[in-house]
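Enquirer: For the protein sequence lines, the chains are A and B, in the order given.
Its first residue numbered 1, the first sequence is counted upward by one per residue in this note's numbering.
Its first residue numbered 269, the second sequence is counted upward by one per residue in this note's numbering.
Bear in mind the hints are in silico, worked out from the structure with no lab data behind them.
Among these hints, one or two may not hold up.
[Stated by the list, open to error] DSS-like cross-link-like pairs, simulated, lysine-lysine; straight-line CA separation at most 30 Å:
no.: 1; chain 1: B; residue 1: K383; chain 2: A; residue 2: K96
no.: 2; chain 1: B; residue 1: K340; chain 2: A; residue 2: K45
no.: 3; chain 1: B; residue 1: K373; chain 2: B; residue 2: K397
no.: 4; chain 1: B; residue 1: K394; chain 2: B; residue 2: K383
no.: 5; chain 1: A; residue 1: K267; chain 2: B; residue 2: K501
[As the list claims (entries may be wrong)] Label pairs and their calculated CB-CB ranges:
no.: 6; chain 1: A; residue 1: F245; chain 2: B; residue 2: T430; range: 22 to 30 Å
no.: 7; chain 1: A; residue 1: E247; chain 2: B; residue 2: S270; range: 57 to 65 Å
no.: 8; chain 1: B; residue 1: S479; chain 2: A; residue 2: S83; range: 29 to 37 Å
Glycine is no exception: its CB is placed at the ideal position from the N, C-alpha and C atoms.
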Amino acid sequence: MVDSVPSLYLDPQIRDWVLFPITLVMILVGILRHYVVQLLHSPPKRLPRAALREQRALARSHILRATSSNSPLPPTFYTSISSHLSLAFTTGTYLKDGPPTGDAPSAPPNPITDPAAMDGMMAGMKTQMVMMVPQMIIMGWINFFFQGFVLIKLPFPLTLGFKSMLQRGIETPDMDVRWVSSLSWYFLNFFGLNGLYRLILGNDNSADSSRDMISSPFANMGGAAPGQPQDFVKLFKAERDNLAFAEGLYSWVGTDVENRVLRRYGKI
Amino acid sequence: MSISSALEQLASYRARNTRASQDTFKKGCAVLKSKVSIGDDGWAFLEQLALASIDVGRLDIADECLRQLFNKFPNSPRVAVLSGIRREATDPPEQVLKYYDDLLKMDDTNAAAWKRRISILRRIGKIEKAVQELAQFLDTFYTDADGWLELADIYSSCNQYTHALEALSHALALSPQNPFTVLQFAETAYTSGDLPLALKMFLVVIDMSESDIQAPQDNPPSGICVRAWWGIKLCSRRLMESRSHPGSASDTRLPKNLNLIDELATERVLTAYSGEQGTQ
Chain A
1 MVDSVPSLYL DPQIRDWVLF PITLVMILVG ILRHYVVQLL HSPPKRLPRA
51 ALREQRALAR SHILRATSSN SPLPPTFYTS ISSHLSLAFT TGTYLKDGPP
101 TGDAPSAPPN PITDPAAMDG MMAGMKTQMV MMVPQMIIMG WINFFFQGFV
151 LIKLPFPLTL GFKSMLQRGI ETPDMDVRWV SSLSWYFLNF FGLNGLYRLI
201 LGNDNSADSS RDMISSPFAN MGGAAPGQPQ DFVKLFKAER DNLAFAEGLY
251 SWVGTDVENR VLRRYGKI
Chain B
269 MSISSALEQL ASYRARNTRA SQDTFKKGCA VLKSKVSIGD DGWAFLEQLA
319 LASIDVGRLD IADECLRQLF NKFPNSPRVA VLSGIRREAT DPPEQVLKYY
369 DDLLKMDDTN AAAWKRRISI LRRIGKIEKA VQELAQFLDT FYTDADGWLE
419 LADIYSSCNQ YTHALEALSH ALALSPQNPF TVLQFAETAY TSGDLPLALK
469 MFLVVIDMSE SDIQAPQDNP PSGICVRAWW GIKLCSRRLM ESRSHPGSAS
519 DTRLPKNLNL IDELATERVL TAYSGEQGTQ
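Construct the complete structure from the given sequences, taking the supplied hints into account.
Expert: Following this line, the structure appears as structure tokens:
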């Protein structure tokens with residue numbers, strides 16, 4: 001008969017020799033991981049001049065557009081800069097390989113063939129490896145050594161569906177789902193130690209393993225990876241449209257300045 | 269003057285990029301002689317002292333600073349450029365140009381070395397080459413407002429005012445809150461003959477500088493506004509004299525109440541010079 005009041009009494013040695021060691025090992029491995037990632041981290045590669053120019057080309061039009069509604073530039077100067085930039089973006093003057101020759105349609109830089117992007121991807125994958133291998137080792141260790149007994153009682157109730165996952169190795173049909181095995185303690189730590197790492201290692205730590213689950217090595221190909229294969233042709237095209245919008249919003253700060261000044265001095 | 273107050277003053281010079289070379293040199297030498305340990309800022313201080321001593325002509329102190337910096341940072345591009353500046357003081361320009369060329373070959377994004385190279389080219393008179401390289405530099409490093417101002421200065425010195433105005437317009441886009449750039453723009457426009465544009469830009473300077481003053485007519489104009497009011501007076505007088513408007517190169521329309529502007533400008537200029545420090 002299932003007793004609704006929990007009556008399992010656990011050996012305190014379980015607490016001393018399983019609970020604390022697992023947590024301690026995970027904390028130490030996390031800190032170790034953080035430092036290993038720091039060691040492996042190579043300084044960002046220096047961009048050659050052409051690539052740098054391409055990267056900063058968008059900044060030129062951002063700067064122009066930032067003040068376009070109250071622009072210090074007189075109309076002729078504003079329109080000349082704006083049309084020059086528009087033309088440059090259309091003909092691809094700022095692209096690091098020069099303007100497209102015209103016969104081959106410009107394809108977005110293939111991450112596999114572009115050497116610069118490849119380096120970035122390798123670096124990303126290296127960090128992923130460092131993050132994943134210790135986790136797998138610890139899981140194997142726990143499975144091997146700490147299998148077959150109940151470790152803790154969860155303070156919150158769960159449905160029966162979790163029984164197979166959390167009580168692996170202790171197949172009893174009647175035991176409350178709240179009694180879980182060491183592997184589930186591992187998972188609890190896995191997701192929960194982030195806060196502790198933030199305290200010890202500061203906010204931007206590489207010990208947080210829950211982030212690995214979200215960003216797989218294939219997420220970087222999406223194009224949002226820092227400084228990696230961004231399709232500048234498309235970006236320039238989008239920027240051209242932005243320039244056209246900004247030109248619509250343009251207004252010179254000197255259009256009515258004489259009346260403003262005269263009014264301030266009470267002359268009109 | 270204690271060492272700590274000297275260090276504070278030097279730190280504030282560094283933060284504001286002040287070129288008070290004589291004072292920096294005096295204080296810096298005192299700190300150097302006292303051999304007190306400065307900590308993390310020590311290297312920036314050595315760089316500052318090296319530049320100041322080159323500026324006042326004491327190359328021995330500069331060499332001492334450079335030696336210490338080089339021992340600590342042997343592969344630093346920053347120290348390399350500093351050593352180039354030291355060489356500019358004594359070596360023939362072609363040699364230093366070649367030195368900067370080598371630096372740029374190693375790393376062609378070294379902006380500081382490129383700028384020094386351009387400044388040498390300007391100094392030895394190769395204006396065309398300097399302008400060409402500066403234009404190329406600004407094409408890559410667009411956000412260098414000082415570079416645009418330098419380009420405008422070179423163009424103005426060759427009387428190419430249209431190009432100067434174009435360069436200044438980029439500088440304006442980069443620092444729209446800086447009234448001094450607007451003033452330079454206005455004065456260049458005036459020199460090139462575009463009086464309506466100059467008048468408008470002088471008025472923009474006034475508008476910008478006095479926008480937070482409640483009753484500006486109560487106080488005489490100060491600082492940059494004096495110069496701007498002078499500019500307005502000159503423009504409006506010339507515009508009113510030559511009734512056949514010569515037309516503006518930038519198609520700027522003339523303000524309608526020109527005589528009111530002229531009156532106001534006259535009043536403000538006279539007020540500026542009517543105080544006890546005035547010329548009356």
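Enquirer: Which numbered hints does this structure break?
Expert: Violated hints: none; all satisfied.
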